[in-house]
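Q: Using the sequences and the accompanying hints, generate a full structural model.
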Amino acid sequence: MSRRPVYKFRLFIAADTLNSVQAASNLNALCKAHLAGRHEIEVIDVFKDPKRALAQGIRMTPTLVKLTPGPERRIIGSLTDTDRVMQTLGLDADAA
Amino acid sequence: MSTASPPPGDDGDEISVVIRALHAADLRLEELTAGEVDTVFDREGRSFLLQRAQDQLRATEATKQAAILNALPAFIAVLDGEGRVLSINDMWGRLTAGNPLHGPAYGVGNNYLDMCDQERGPGSADARRAAAGIRSVLAGVTENFSMEYPCALPAERCWFLLTATPLAHDRRSGAVVMHVDVTNQKRGEIDLRRFAAAMDATTDALYLVDRPSMRFIHVNEAACTMQSQTRGRLLASSPAQVLETPVEELAEIYDRLIDSGVDAKPEEIQRHHRNGKNVWVELRRHAQRTDGRWTVVTMLRDVTDRKEAENRIIHLNRVHAMLSGINTLIVRVRDRNELFSEACRVATDEGGFRMIWIGLVDQTLQKIIPVASVGVRDDFMEKIRDGFTLQEGSAHGNTMTSRAVREAKPTVANNLEGNTGVLFHEQHFAAGIRSMAVLPLIIGGTVVGVVALYAYETEFFHEGEMKLLAELTGDIAFAIDHIEKQERLDYLAYYDVLTGLANRALFLERTAQYIRGAASGRRKLALFLIDLERFKNINDSLGRPAGDLLLKQVAAWLTHAVGDANLLARVDADHFGVVLPDIKHMRDVMRMLKKTMLAFVSHPFQLNDAVFRIAARVGVAVCPNDGSDADTLFKNAESALKKAKLSGDRYLSYSQNMTVADAGRLTLENQLRQALERQEFVLFYQPKVNLVTGEVTGAEALLRWNDPLTGLVSPNRIIPILEETGMMHDVGRWALNEAVASHRRWRANGLKAVCIAVNVSPMQLRNRGFVAEIRHAIADDPSTAAGLELEITESLIMEDVRASINSLRAIRELGVRIAIDDFGTGFSSLSHLARLPVHTLKIDRSFVIDMGAGPEGLALVSTIINLAHSMKLNVVAEGVETDEQSRLLRLLNCDELQGYWFGHPVPRDVFEAKYLSAAPLSQ
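Residue numbers (the working numbering), protein chains in the order written: chain A, 279 to 374; chain B, -19 to 903.
Note that these hints are calculated values from the structure, not bench results. It cannot be assumed that every hint is accurate.
Unchecked claim - Simulated crosslink set (DSS-like; lysine-lysine; CA at most 30 Å straight-line): (1) LYS310(A) / LYS44(B); (2) LYS329(A) / LYS347(B); (3) LYS44(B) / LYS326(A).
A: Take a look at the structure:
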């Protein structure tokens, strides 16, 4: 029986802007639904920590980065289209 | 705004171009990101916030900030670096009456600091202090600033807390100024401080215990002092330990208190203080509910002073009550022992003492002898009964008691617990005794005794009590002295100093007492008064000292004889009194008296080296016969004594029931005893005459007592006494010998030796040695035997005929004649009469008297004479007193006669001269 992988996310936002708040909310809902007990989310406000955004090459907010399991994937936007997000992150197969 | 920027207006066209380009770019970015993105970055990290996000963000921030500021219960303003008001919350804009530091006047755009500096009025000082503080924050000198300031309102005083906080830490961008109404908190603090100060101001120790945790939450200063601890240490310690109650018990007490809903009644308890003294504490408890938790307030008040004062009053009252009781006693009591035992009773009843004993000092033994006590345990009494030795260095020589006597000062032990200086302190302590005092009884500077008092309480004997007790012992000592003096006076009033016997007054008093006793016991009582004869002569001739000496000796002799000095008294100069309180038969008493008096008269009293024998006379009175009260009895005894002196009797009884004759008879008996010794008895001779010849043919010897005082005493008086007392043996023998001697004398002197008849008493006849006595008297001389006749009464012979016949035969064989005396009175049967070995028959005088009264009497005498003659008996008629009687008897052939008609009984010499010497007298 293989251990199921832990998903590590990094979400870059811009303070309380509408899309950023939306993205954070959608990510939380998605993790709760599909990755209960096996996810970690780090939220980075680019206004407070612009250097990290620059270092990661983030060009827009909100941007979600899936760090593990590899390969790294990025999704920009409010993460409203759940199917596309699942597909992009490779979660559709995993969650099935 | 940067100062380097060109002034607006100069590049107006360019600005419009840029804005247009910005809007276009923004629209393009929105298109590119499909509205999903808020910010974009270029490669250098420069960000661009999309217009829509910018607008949304600004609106959100402003709303959020306003909401936060308005939500806070404080007056808030944001100042810029210069102190200008940038924004305010809703509350700031509201008017707070009387507050000098915020309000509508301090609106946006005003310089808050300047306004504060310009403030005038009561709060100006606080306003300037606030401005200075805020300035230092804006200047970055201090991190933040806060101050409290009051706000005086007409009705109440409010308090505010002002805080100034920089907007950012790294630059002087401004500050947030906030005023919070802290009135309630401040009031709470003030209340708490006042409360604590008030608690500390009271001298009662207060402990606040939180019931759930059973920990102290507050203690006051007095509590710290009482426990001798700092507040910190005390708060940290356990209430159970501090309040000296196990924690479970304490919790239970608290719960009961909480449940009851009322304060517990104050209790007074005794506690041991750290300084070693016991303290009295009043304890109160009160439960209160604060913030949903129960707190129990325990208040301890040191009431030692009050309690001690109360106890002092109680103790003093008790001693006062005792003093009063004993003083009443002193007035009433006349007896020392009663004084002591009653004083002890008063001490325990009125004084409430646990125990008391009174001891007297025995100077010769150097001891204290207990004389009265109450509440003294047996074991202790056992120890002190033999007395405390007073000598220093001995086992009990240094006790409180001994010291009290030696130093003539009270000794006190106010706490017996562990007090090894007190004898039996452990036993006393176990018996509930806590303190004791020994007070000396001092009379005329000498300690005569001690009063030892034992109290239930510690610290009983203090100055006040000791002062009263000293007064009390002084009173008791006074009473002892008084009673002793009274006793001395009583002694003088009731005693004869010379002999130590009771005097007349006491004798009468005692007699009265004995009479009461005798009356209740239905017994008799006899009172004797003794008169010493010739006492006056002794006093006169030998001098008064000799007389006194004699009285003392007599008193001692009587005391010894009576056996109890209380029954004796010297009632007059030479008179003594004796009372015998319990007698049964008067005769026994008289016998005893007689015996005693005989012993008395023969006792050799020594006076001036010479021996004296003292005679005495006694007057007797008997209760109830001779009087039922002491005075009457005494008076009657005196009268009896007087009579005895007159009559010459040794003792006389004043008797109403007992005849004078009886009394005389006793005297007689006594005298008869001496009569024989003193040769006071004599024989009288009465002639018998032959009726035919007229010759004197015989004589009857008759006994007489020649009383030297009264002369001749009739044989009727003395014969029964001689018979009863047994003296007849001796007297009878004497008479027999005397008669024989007379007969011999007559023969020797050539006189007509007529036969002498001697009466024989029953006692003589029953005596086994009687025949031998007769033989001895006649000395086997036939002629003497023939001259002797024994007259025996008919009744005596008939008492025991058989024995009589034997004795009579033996007598007859000796040659002695026998006559039956008093014939006719003894109911003898003829058959007996015929067998009796007798010679003569004497007709009783009663027949001779009756003979003249009628024919029957004459016939009777005639018959007797004929009967006697038929039995060959000689007949003698007795009691012939008249001529007629003698003639009749001659006619009846009577042989002889005897009686006053012919001759009275006369002394021997007269008889010899009259009847024996010459020729027969003719009638």
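Q: Take the hints in turn and mark each one as holding or not.
A: Structure-based check of each hint:
no.	hint	in the structure
1	LYS310(A) / LYS44(B)	29 Å, holds
2	LYS329(A) / LYS347(B)	117 Å, violated
3	LYS44(B) / LYS326(A)	19 Å, holds
The structure does not agree with numbered hint 2 stated previously, though it agrees with all others.
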